[in-house]
Structures are given as C-alpha cells and as structure tokens.
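S.K.: So the chains spell out like this:
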Amino acid sequence: MKPAAWFDRRGWSDIIIGVPYAWAIVFILVPIVIVSALSFAVPVLNSPPYAFAQSWPYVSTGSFHRLFADSIYVRSFGVSLFNAGVATVLCLLIGYPMALGLTRVSKAANRVLLMLIVLPFWTSFLLRVYAWIGLMGTTSWFNRLLTSLYNVLVPQAWHVPHIQIMYTNFAVIFVVVYSYLPFMILPLYANLEKLDRTLDEAAMDLGSRPWQVFVDVTLPLSMPGIIAGGLLVFIPAAGELVIPGLVGNMADPMIGAIISEEFGLNHDWPMAASISVALLVVLVVPLMAYTRFQSRAEAGARG
Amino acid sequence: MTITRRQALKASAPLLAVPWCLSCTKAGNELNIYSWADYIGEDTIADFSAITGIKVNYDTYNSTPEMEAKMLAGSTGYDVVNQSGVTLRDFVKAGVYARLDKNRLPNWNNLDPAVLAIAAGYNPDNAYGMPYMWGSTGMTYNLDMVRARLPDADLESLDTIFDPANAAKLADCGISLLDDQSLVWIVMSYLGKPRDVYSKAVMDDVVRTVKRVRPYIRTFDSSNFLVSLPNKEMCVVNNWSGDYATARRRAREAGVDIDLGYFVPKTSAPAWIDMYCLVSDGLNRDNAYKFLNYMMMPEVIAKCTNHIRYANANLASRRFVDRAVLEDTTIYPTKDVLARLYAPKSLSAADSRLINDAINAIKAG
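Protein chains in written order, with the numbering used here: chain A, 13 to 315; chain B, 14 to 378.
I should point out that these hints are in silico values taken from the structure, not numbers from a laboratory.
Some clues are possibly wrong.
[Said to hold, decoys possible] Cβ-Cβ distance ranges computed for the label pairs, FRET-style:
| hint | chain 1 | residue 1 | chain 2 | residue 2 | range |
| --- | --- | --- | --- | --- | --- |
| 1 | A | D82 | B | D272 | 38 to 44 Å |
| 2 | B | T73 | A | P248 | 26 to 32 Å |
| 3 | B | D176 | A | P109 | 49 to 55 Å |
[As the list claims (entries may be wrong)] So the derived list for chain B, only partly shown, Cβ under 7 Å to chain A, looks like this:
| hint | residue |
| --- | --- |
| 4 | G90 |
| 5 | A111 |
| 6 | P164 |
| 7 | L168 |
| 8 | K245 |
| 9 | A329 |
| 10 | N373 |
| 11 | K376 |
| 12 | G378 |
For each residue, glycine too, the CB sits at the ideal point set by N, CA and C.
This is chain B alone, in the form it adopts within the complex (with noise of 0.2 Å):
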C-alpha cells in the first residue's frame, strides 16, 4: 500500500487543532503559583494539599526581571504571584493583578499592622498584595577585614565608604555596591534629600558623592556578593537584609571562619515588602483565596521563616518563630532600625529613566 500525498496531509491536519485544545482545558482542582526560588517551607505546599486537596503546581523564578518580564507579558496561567512591593503599583496599573477581596481573608487579622503601615505605601490600603516576607537594604561587612583597615569606623554610617579617606583604605578588600535602584535611594537620604523627589539636579549630586568614591569600588552587583562574601573577595557589601543571611549561612556551609555584620544606615534606607498577589487572569481564584488564608495562618508561616530565614509580616506568628531567628536583630530589626526603613513611592517612567541614567553614569566610572 503507498500513502499518497493527499492522504497524508489529511490525515494530520488535525494536528493542527493540538494547541487550542491544550490551552481550553478546563480549570480542574488546581492552583498555579509564581514564587521566589528557596522562597517557602519545606513541607509548605505538601501540607496545603492535604489539607485541601488542591493539586499545586508550583513554579519558581530567580530574578525579579524575569518574573516581571513575564508578568507584564500576560496570559501566564499563574493564579498566586510572588511580587516586590517596589514595581506593584505599576503592575497594577498594567492591569497584572486583581485587587484582593479581604472579606475573603480572614486570617488577614494576624498581619503585623507596622508592616502593612509601611506596604501600604506601596499600593494604598494594601489593597493588591498580601506582605509575606520584608527586611532592609543596608550593608554587610566583613568585621575583621574591616576593622583591620578603620578600627573606629561607625558602620551604621555611610560615610564609611562615602568618604573618600575611608573608601581608599577599603579598597583593597573590596567594596561592591548595588546594581540597582536601592543604591540612589541610600545616598538620596545619605544627603539628607527628601524622598521620592527625583531631578536632574538631585541626581547630580547623587552621581557626584558616588563617583568620588569611585575608584575605590571594585564591582556592582546585585547577585553575585552570594558567592564574594564568602569567598573573602568583598569586604564592604551593599546589599539586602536577606542576601546577608544567606550569605552568612553558606559561608557556615562551607566551613569558611569569616565574622559578618549588617547594618541599616543611620540615615534611613528602603525596606523591601514581598508580596503574594492574584493575577488578574487567573482561573482558580477561589483556590487562591483558599493559599492565601494558609499563608495566613500564624504556624505556616511561621515554619516558612523558621526555613528561609526571613522576617515574616505576620505578628500572631511570632510565637512560633525560633528564638534563635527572632532575635537576630539582621532579621526582625529592632525598633530603632525599624523607624529608618520607609516605602520608596512607585517610579513615573521619566523618574526611573533619571535614576538609570544616574545608576549607569555611576557605572561609567
């Protein structure tokens, strides 16, 4: 028997169909999550689903551009989304996120109230995004490198690397600073600048009081101190509360003696809140709701940052939480830091194209 052309192209032409079908397939007992990588419990998502019954799918990301790359792009699947209070008012413009029916969160009450002060500067009433996890930016130091080269230093000042007699003593044990929008806003309130307000002539002077400093900076980066810090490549690390615990944990792991301290400046610096968020087009909302409340509840969440090793916004947790990590003041800050942190406001397009342009003519050298 020969198959003809004619045959053949008949008989496959329902192939084409296949990825219609695939994306029509009804929402079953589902939920599609979008979370930080090493970002959760252990036994978090096993636990709700037998609690439940809901099938998890849980998916991770390891840099905020390419989850927001993919956010912004649309139709993900995702129901539930780990998202940086910094970018959510914009993504809530973009239509990215749905606002959250709090009459369907009753655990909401066990949220830390000075938490969700500060989220709220991010999206008003914090009406699109449940703050899971938060912590500061500041700067991690290797103590002994440190203290070798600027024995009186106050390292809850900036001016220890901003002034130049003490970045050059620095210098060679290395300094790295953030890749990132944190690094402005820490000098802005460094010169004592208000907040959220961005011009040209503020920028300036931000660019100036960095770039005389300059060439005492070996690199900046937002990632990779992870694996300098312990390494004893970098001494002076600006970086986020969390990356200071991970960092401190994997030098344990690795058996390398080194003495880190983190600090928040003096002169205020960002918090950072992450967020659990609905997407807008997402097709389990009620299973959401139903994740949500979970990660509400005081012991989950608890057991989430017994794990990972940072703050959680939920105060009915503390009770649960291991000594050890409530009182490492790096992680639960104390009352004094606390009152340095604040809520950057969202960024208009022509403030973050400023702020970029500063970011890379600091870069520039």
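This is chain A alone, in the form it adopts within the complex (with noise of 0.2 Å):
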C-alpha cells in the first residue's frame, strides 16, 4: 500500500473535511442562530431572563422596533461605521508605504522589521492601551510637549493651558490605529511580496514614470491586500469595545458599549440580541462584497 493511499480511502477524507465544517457549525452558526432566536424574544425577570411568548406568532419584533425608536441606537451604529471607517483609510495610509517599504529592503533588514512590527503583540494589548492614557492624560510630559509646541504655534488668544485629548472621539480613532495597524500591514505586505517585479520593470521600459508604475501595476495588483487588510481592521473597530470605553467620550458611544449596557446593566438580552443580529447584518454586507470581489478577480485572472 502507498503510504498515502489510506487517506485516498474515501471515509477517511469525509472525516477529515468534516472537521473544519463541524467547528464552523458548532462555534459559528449555532452561536448565531442562538442569537438571532434571542433577539425575538422578551425580556423578563427570571433565570435566564427572556422568553418567548407563548401564543402564536410566538416571536416578538419589540427589540428591533426599538432599535429604530429610540435615535441612540442608531446614532452609535453611525459612530461605530464613522470611526472604524476613519481608522481604517488611517491605516490604509500609514500601512501601505510601510509594507510596500518592507518588500523593497534587505533579507536581513526586511526580517528584523518584521519582527518589529508583531513585537508590540508579546505585550497585552490592555497594558499598552493604558500606556496612551498615560500618555495623553492632561498632566503628561507628551501631552505639555505637544501643548507648549501648540503655544508657539499660534498667536496668543488661542493659548491653552493644556490639549484635551484623552474622552474625545479623536482618541478612540487614535489608539484604534494605534493597535490595528499590524493587521493591516501583515495581509499587504503577504500580498505585495508575492506581486511579480519585472511587471514594473516592464512599464518602465514602456515609457511609464514610477508613480505610473505604481497606479497601473502595483496598486490594482494590490487590491486583495487592502481589502483584506481593510476588513481586518473595520470588522473589530467597528465593533470595538475596550478602547472607546477607557479613552473616549462619553457622548459618542460605540455600539459595541450600547450591547455591553443592554446586556449587562439593563438584563435586556433580547434587546442586545437584536443590536448584534443588526451589527451582524451591517458588517456582512462588505464581507459579501469581499468575495464576489475575489471570485470575479480569480475568474478574471484566468479568462
């Protein structure tokens, strides 16, 4: 028997394919049925605390016609999309150079820069969140730089005793960027490390200029990269939890702090249900686009 013959045997392969879709149906499309059934039911005072109602149509729409009733559900929807799609275009901008830069250095180089940029992973992502709030607190050695540079800058009516950083929404975007950017860089560079050279190679000899090269051959070449970079960043921005919660401004929530609060603070599972089946809906939707966008790519690149 050939040593790989055993796995040719068709059980053995059902099985082994299963597993995979077995996990994707216990941990991802039951928790989400679970979900959405939760979200037609009714809050109430028990363990667990909802229930469905026990005559036909057995289902209440009560969460979702809040979701519309009441303007601070979809006020944060609008902040949550404002700032994950800011933070995202930020580190489109910032990423890009950097892995485009990462490809162009030397082996050596292109390894320790690397390195680089996952080191800031081997720390907890909380602990370097409080570092930016110590940072951008009022009474910090960063913030009065920054203020005595503002100072100088302008005329002297406009002087502050200090920048208000911390609790603004600009903080939250800021330390987003701060902490998704790796998840940008990584997908591109993967991607633009793989794109064949002699294609710019070929445009010069063409007669095209290197910012041309860059528009008509690196960038649409690039276009898988930063659409998975860009999801790998909007998807958890947008449903950021911890970061609007310690740096940002309480005026603005995000809606992952309006589920937080429906869930936790009023015991109203139904309704934080709802909010997560909607975010659901909204966040799938450039998950779709995604992939008809990758399957035309792959049918255009072999037409």
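Need the complex rebuilt from these two chains, each delivered in its own frame; the hints are there to steer you.
M.R.: In structure tokens, the structure reads:
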C-alpha cells in the first residue's frame, strides 16, 4: 500500500474535511442562530432573563422596533461605522508605504522590521492602551510637549493650558489605528511580496514613470491585500468595546458599549441580541462584497 | 495494521459522553464562592479551609454586569455569591438565590442593627442576603485643585458641581460623574424629589439639572477614576466611598503627593451594601452556611476590613478593627453622615428604562 493511500479512501477524507465544517457549525453557525432567536424574545425577570411569547406568532419584534424608535442605537451605529471607516483609511495610508517598504529592503532588514511590527503583540493589549492613557493625560510630559509646541505656533489669544486628548473621539480613532495597524500591514505585505517585480520593469521599459507604475500596476494588483487588511481592521474596529470605554467620550458611544450595557446593566438580552444581529447584517455586507470581488478577480485571472 | 473508519468511530464514540460525566461528579467536601476581586482578607479563605477541612474554590469578578450576567444565565455551580444590595430583589424574584435559614446562622447577632435596617430596604427582613461590606455614594475632590479654583466652596453641597458658575470654574481640572443609576439618585435628592418615585417629569428635571453643567463635565465613568484621580486628570469625581480609599492608596503607592477628600452630599445619597447570598442550585449548602457563619465571626471579618479598608456590617468586630480604619470617617461614617444614607428600592422594568433613558440623554450632551 502506498503511504498516502489510506487517505484516498473516501471515508477518511470525509472525516477530515468534516472537522472544519463541524467546527464552523458548532462555534459559528449555532451561536448565530441562538443570538438571532434570542433577538425575537422578550426580557423577563427570571433566570435566564428572557422568554418567548406563549401564543402565535411566538416571536416579538419589539427589540427591533426599539432599534429605530430610540435614536441612541442608530446614532451609535453611525459613530461606530465612522470611527471604523476613518481608522481603516488611516491604517491604509500609514500601512501601505510600510508594507511596500518591507518588500524593497534587504532580507536581513526585512526580518528585523517584520519582527518590530509583530513585537507589540508580545505586550498585553490592555497594557498598551493604558500606556497611551498615561501619555495622552493632561498632566503627562507628552501632552505638555504638544501643548507648548501648539502655544508657540498660534497667537497668544488661542493659548491653552493643555490639549484635551483623553475622552474625545479623536483618542478612540488614534488608539484604534495604533492597535490595528499590524493587521493592515501583514496581509498587505503578504500580497505585495508575491507581486512579480518584472511587471514594474516592463512598465518602466514602456515609458511609465514610477508614480504611473504604482497607480497602473502595483495598486490594482494589491487590491486583494488592501481589502483583506481593510476588513481585518474595519470589522473588529466597528465592534470595539474596550478602547472607547477607556479613552472615549461618553456623548458618542460606540455600538459595542451599547450592546454591553443592554446585556449587563439592563439585563435586556433580547435587545442586546437584536443589536448584535443588526451589527452582523451591517458587517456581513462588506464581507459578501469582498468574496464577490475575489471570485470575480479569480474568474478574471483564469479568463 | 490499518485502522478502518468504522473502528475509529466506534472507539471515539464514548468521548461524546464526557461532558455529562464531568457534571455528574458528586459534591465532595467543597465550597464554590464567587466574589468581587480584592474583597476579602489575605488569609481568610486559607484559614477557613484549615479549620473546617473544606476545599474552597474562590472565583472573582471585576464588574457587576459580569457577575449578574453569569448568575442570570444560571447553572453556575457556585454556592455563595457576593451580590450588591441594589439589584438583590430582582435576583430573588428571578429565583437565583435561596432564603437564608437564620437558625443555622448563630453569628447573625454580631451584625450591626443600623446596617441591617438599611439593608432591609433591599430585601425585607434580610431574608436573602447577609450584609458584608457597605459604604456610601458621594464626591471625591482633589482638595488642592478644587480650593485653588473655589476657595469657599461647601464640599458637602452638590451646588459645588451642579451650579453652572461653580462647574465652569472646575471644568479645566476635570469633572467626572458616575455612569450609573446612582447619579440619577443623588440628583433626585439634590432637587428634593421624593425617593423611589420615578416619572417622565422627574427624569426631565434631573436631565435638565445635569445638562446645565454638561459642557463642564469631562466624562461619565464608574471605574477608570481609580487611574484618573491619582493622575490628577480629574479633580472632582462622583464615586463610591470604597473607591475613594483605593484611589488614595494607589496615589500613595505611586508616590504621588495628592490631597483627596471624600464627602457625602448633605441632600442625602444612596448607600451600597454588598451581601453574601446562597445560590439556589448550589450543591454544598451545609458548607455554605459554615462559611457565612465564619464570615460573621468578629476577628475574621475585622481582618478583612483591615486589609481591604471597607466598613463591614459586623458591630462586634469593631474591637478588632485597626484604629486608623475605624476612625477614618470616609470608611466608618459619622452619625450625621449615616443619617443621610438610604437604600433605594429596587426598580421595575419601566423605572429602569426611564432612568437609563435619562442617563443616555445626559451623556449625549
């Protein structure tokens, strides 16, 4: 019997392929179904604190009605999408040149630089956010430095005792960009590294200037990397709970904080579930757009 | 030898039963406790185990919502839980906790009648909770920063923050209010509204009052002030008495020279009392009673207070509490301050919705 022959027997390959499917069903599909079902329940004072209606149609859409009746939900959706969008664009603007640079340096430098990008992950995420809280605070050396620079640059009348960075929406976007930047750089780098450099040379030979080479060759070919990195930043940033809670401004809550409040403080599990379902719908749309884009790109490559 | 698919499946089938077998293990000589983090004496649990031979699993939580979500979901496996008084009634209604059999708690007599009277506001006759630690809701001021801006302010009056003229002067050193129902309660008392009566009109008044000073308020927060107070990021913080003590200790540990003062508003404020409760579906009821009795022994509870610096509800323990702790009026309030405290009644779903809407309206600015 050949070494790999046992695997070729149909049963074994079915079992092995079945494992990831089973994983996806148990840990992704089933929870989504549970949360979706929960969103049609009503909150009651019990353990667990929800119940389904006893008569036809057995479901309540009350939570979804409230989603639109109370402006806080739509507003916080807006804040979340805005913050995540701005953060994604900033990550792209900062991350793209870094990823491109990584493919253009020597092998030794490349290894060191990649290491430096991954290095922050070795420190607890929460600790890094707390470090920024210390830096952004009104009494920190960092803030004093920024303030004195600002006061030198502007006329006397505009002078401020300190710059308020903490508890602003700016701080949220800033820390999100800082935290998620590696998630943009790494997929971009993986994509850019595979690009055929001879295409650049061919374009140069045909008279393109470096800028035109970038716009006409590198950028279109790196689209899958941009989209992968963009989704990796956008989706978790939109649902971010910890960062706005620590550095954010309470007037513009993000949707994660609202879900946590409904679940924890108000004990309204159906409301929390219906917001989660709405968030899922909002976030799944870009994901589906991405798969469509990718399958079209693959079809294009073949055709 | 080759293993066929059928053999492999047959061999692994018993694995499916593992989850059931794990949960059907019999209750041994154990006790499962779920409590606030950093909320007990250093050796309390070890001593209890040494005396009784009971193996204790002591789990901790860091936020009320975390603990409440777990308890509401049910089947936690815990026997004894640290529950805040304010929401106790809801959890009793939901069937989470069991009634205490006082006959099995001979040490109950050690408890402070004054604290028991307040706690009875949360559950009549204290039928479901054994009061553990307690304190007040109030204002922590960075005295130097506040006096530099408002030399004559009466810090026991909420005019200091809710009068726009005062708030404007304090705005640059940072005002933080509780992101919690307690904020609505102290404002209702400040406005002289009757306790525990909620209506749209009352909430509108509360919102209007806070909105007048809203531009001067830097944030609404229920935990991060433990960092922002020692950092001098905030000079006025609406919080709970225990947090004031923690913030002061942290500042001292960090070598920050900071003069903090804690005041309970003259217009009255909600007390908080944390209880030990018995979980309805706990398997080790006898051990749970032993633990509650143990935690009402004067020497034991005094050691907890000396370590965590919260006032306990045990009158007999005062003899064993460190002088410095006992004489600290922010931990053990004076009679005058004690008279200002009350236990808010538990909220109906409609009341809670009114309060939450008011808090959201206030925060929205």
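S.K.: The structure should be examined with respect to each hint, and the outcome stated for every one.
M.R.: Okay, the hints, checked on the actual structure:
Restraint check, A:D82 to B:D272: a C-beta distance of roughly 43 Å satisfies the suggested window 38 to 44 Å. Judged by the Cβ atoms, the range 26 to 32 Å given for B:T73 and A:P248 holds: they are separated by roughly 28 Å. With their beta carbons about 53 Å apart, B:D176 and A:P109 fall inside the hinted range of 49 to 55 Å. Annotation: B:G90 was flagged as interfacial toward chain A, and the flag is violated, the nearest CB pair being 14 Å apart, outside 7 Å.
Nearest Cβ of chain A to the Cβ of B:A111: about 13 Å, over the 7 Å cut. The hint is violated. Below 7 Å, beta-carbon pairs count as interface contacts, and B:P164 has none with chain A, the closest being about 19 Å; its hint is therefore violated. Hint on B:L168 is violated. Least Cβ distance to chain A is approximately 22 Å, over the 7 Å limit. Evaluation of the B:K245 hint against chain A yields a held restraint, the C-beta minimum of about 5 Å falling below 7 Å.
Taken as an interface hint, B:A329 does not check out: its beta carbon lies about 35 Å from the nearest beta carbon of chain A, beyond 7 Å. At about 5 Å, the closest approach between the beta carbon of B:N373 and any beta carbon in chain A falls short of 7 Å, and the interface hint on this residue holds. Satisfaction of the interface hint for B:K376 is found here, the shortest Cβ-Cβ separation to chain A being roughly 4 Å, below the 7 Å cut-off. Among the interface hints, the one on B:G378 holds; its C-beta lies about 4 Å from the nearest C-beta in chain A, closer than the 7 Å criterion.
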